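**Q** Take a look at the letters that make up each chain.
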Amino acid sequence: MHLRIHSQTEKLNLVREFIGEAAREHGFDEEAVGKIMLAVDEACTNIIKHAYGYAPDRTIDLEIQIAGDRFDIVITHSGKSFDPTAVRKPDMQEYFKKYQRGGLGIHLMRTLMDGVEYEALPDSRNLVRMYKYLPHEDRKQR
Amino acid sequence: MHLRIHSQTEKLNLVREFIGEAAREHGFDEEAVGKIMLAVDEACTNIIKHAYGYAPDRTIDLEIQIAGDRFDIVITHSGKSFDPTAVRKPDMQEYFKKYQRGGLGIHLMRTLMDGVEYEALPDSRNLVRMYKYLPHEDRKQR
Amino acid sequence: MSTFKIQVRESSGINILELKGYLDAHTAPELEKAFQGLLDTKKFNIIVNCRDLTYISSAGLGVFMAYIEDVRKNQGDIKLSNMSPKVYNVFDLLGFPLLYDITTDEAEAMTKFKGGK
Amino acid sequence: MSTFKIQVRESSGINILELKGYLDAHTAPELEKAFQGLLDTKKFNIIVNCRDLTYISSAGLGVFMAYIEDVRKNQGDIKLSNMSPKVYNVFDLLGFPLLYDITTDEAEAMTKFKGGK
Ligand SMILES: Nc1ncnc2c1ncn2[C@@H]1O[C@H](COP(=O)(O)OP(=O)(O)O)[C@@H](O)[C@H]1O
Ligand SMILES: Nc1ncnc2c1ncn2[C@@H]1O[C@H](COP(=O)(O)OP(=O)(O)O)[C@@H](O)[C@H]1O
Numbered sequence: 740m741h742l743r744i745h746s747q748t749e750k751l752n753l754v755r756e757f758i759g760e761a762a763r764e765h766g767f768d769e770e771a772v773g774k775i776m777l778a779v780d781e782a783c784t785n786i787i788k789h790a791y792g793y794a795p796d797r798t799i800d801l802e803i804q805i806a807g808d809r810f811d812i813v814i815t816h817s818g819k820s821f822d823p824t825a826v827r828k829p830d831m832q833e834y835f836k837k838y839q840r841g842g843l844g845i846h847l848m849r850t851l852m853d854g855v856e857y858e859a860l861p862d863s864r865n866l867v868r869m870y871k872y873l874p875h876e877d878r879k880q881r
Numbered sequence: 740m741h742l743r744i745h746s747q748t749e750k751l752n753l754v755r756e757f758i759g760e761a762a763r764e765h766g767f768d769e770e771a772v773g774k775i776m777l778a779v780d781e782a783c784t785n786i787i788k789h790a791y792g793y794a795p796d797r798t799i800d801l802e803i804q805i806a807g808d809r810f811d812i813v814i815t816h817s818g819k820s821f822d823p824t825a826v827r828k829p830d831m832q833e834y835f836k837k838y839q840r841g842g843l844g845i846h847l848m849r850t851l852m853d854g855v856e857y858e859a860l861p862d863s864r865n866l867v868r869m870y871k872y873l874p875h876e877d878r879k880q881r
Numbered sequence: 007m008s009t010f011k012i013q014v015r016e017s018s019g020i021n022i023l024e025l026k027g028y029l030d031a032h033t034a035p036e037l038e039k040a041f042q043g044l045l046d047t048k049k050f051n052i053i054v055n056c057r058d059l060t061y062i063s064s065a066g067l068g069v070f071m072a073y074i075e076d077v078r079k080n081q082g083d084i085k086l087s088n089m090s091p092k093v094y095n096v097f098d099l100l101g102f103p104l105l106y107d108i109t110t111d112e113a114e115a116m117t118k119f120k121g122g123k
Numbered sequence: 007m008s009t010f011k012i013q014v015r016e017s018s019g020i021n022i023l024e025l026k027g028y029l030d031a032h033t034a035p036e037l038e039k040a041f042q043g044l045l046d047t048k049k050f051n052i053i054v055n056c057r058d059l060t061y062i063s064s065a066g067l068g069v070f071m072a073y074i075e076d077v078r079k080n081q082g083d084i085k086l087s088n089m090s091p092k093v094y095n096v097f098d099l100l101g102f103p104l105l106y107d108i109t110t111d112e113a114e115a116m117t118k119f120k121g122g123k
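Residue numbers (our numbering), protein chains in the order written: chain A, 740 to 881; chain B, 740 to 881; chain C, 7 to 123; chain D, 7 to 123.
A couple of the hints might just be wrong.
[Claimed, not checked] Okay, derived cross-link-like pairs now, DSBU-like style, lysine-lysine, Cα gap no bigger than 30 Å in a straight line: (1) A:K788 to D:K11; (2) D:K120 to A:K788; (3) B:K836 to C:K49; (4) D:K92 to A:K871; (5) D:K92 to C:K26; (6) A:K828 to D:K79; (7) A:K836 to D:K120; (8) B:K819 to C:K79.
Just so you know, these hints were derived from the structure itself, not from any lab. Every value quoted in this text rests on a predicted model; they were computed, and no experiment measured them.
Isolated chain A, as found in the complex (with noise of 0.2 Å):
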């Protein structure tokens, strides 16, 4: 399956449909598919707000690859590039001490799936890969 959409927070909500979808197909209950959802929208967030700087033009482009036991999200872009694998976890503690708001995107992706994974593409395209292993179901089917 694969979606491309414009750089709007508009479109958030389908692209959590879109992942549903998918996450559902591959046998994931539904606390799974939440989670997986909530990735990618912290994912595809960052990506409008800070890779493309709210630009509503841009497109994103998100790919479901099966791959062994593996369910994986390849969402591309060509904004500014960016690790994400390389933020800090933060301190929560210090979080509420302060009162911080924001910086908690990449840790919830972190948190809630199996593996994220960043990647610099030629033509300074962006990849992050982000994984949950498969429902045991379904690798059986397959």
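Start from chain A and add chains B, C and D with the ligands according to the hints.
**A** Frame of chain A, contents of chains B, C and D with the ligands only:
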């Protein structure tokens, strides 16, 4: 915008969301959005049912193209080739008298859209193009 | 994620189906099953309350066509009530009000059943 | 198509925000506006009823972080009630129950406000 789905009726909801978001982005009001959604649902339902005979692992591509003052939805698939524009308009009097069921999808598509076109592509792919003229405001903006 | 739901009620001998959500090629078989269940138990006086029906495609219309003849042969009817303008427009576009009795609300459909129509 | 809605109510001096739908980066500004409206009119005793909140992302969490300090400095509080397990899990995952008073229902939050907490 682009969406690729597997040929499953489960995906019709996602197709409608996708089309809805695209149509709203181009200024269509909710009534027009509803019509475009329904027309595209009918086209995809036919592909799932008739062109792919309910095989669940084939793909359907939907692509939005803005061509001049037109909002085009281009649907491609690699199932049975079939030209919906060659189908006769049903006689609704007869239809009701004989309690027929089915046979209304293509009629709806043509009634709801400003145009429906078919094209056989190389590699035995098929293309259905449906369009609606953009609302006047949106035309002026571009 | 279910996008469509049916609730079945009975009220003074009339059978009411309440539809909710999206009636398309994916969910139409559920409505078929509900109609089949009524017909199997010889229940032919049917109101379909469409108040919470947000969407219908031709696959949904086809279900009504599939059962109306049988129901009427058995002196019953399928009456449709409480349609939103959006859903009504789809019925209307194809001329369905010619064949089906579409009422503003459930009470009107009830009265018509009791009045012998 | 609005995917998020807020209703504002007042009940014996406590201000209640009822959230409905999807709170994400697109809709978070609406919640911000609602909080700002309360603070501008010096209303600092706030319950956020999350019964119909189906989804929250970090953009939504950020809105609560943006106002809690100001509200507490003014002897008020933002208490959150009626969360679905799904929404609670997101708060819980990040340790938000450490900073926020999350109650089962609105009545419990009301009682806590009246009890001076
Ligand atoms: N795709 C991206 N492109 C550029 N910078 C990013 C990207 N994603 C995150 N960042 C940077 O990393 C920081 C932390 O991101 P995150 O944890 O998602 O929190 P938030 O977006 O709320 O600040 C951001 O504030 C931003 O500076
Ligand atoms: N994409 C398609 N591929 C092959 N045959 C098709 C396709 N679309 C429609 N048809 C044929 O045209 C007929 C009329 O289609 P339609 O008006 O949509 O009604 P229905 O699908 O309910 O039968 C179908 O019954 C089918 O035989």
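**Q** Please write out, lowest number first, the hints stated earlier that are contradicted by the structure.
**A** Those not satisfied are hints 2 and 8.
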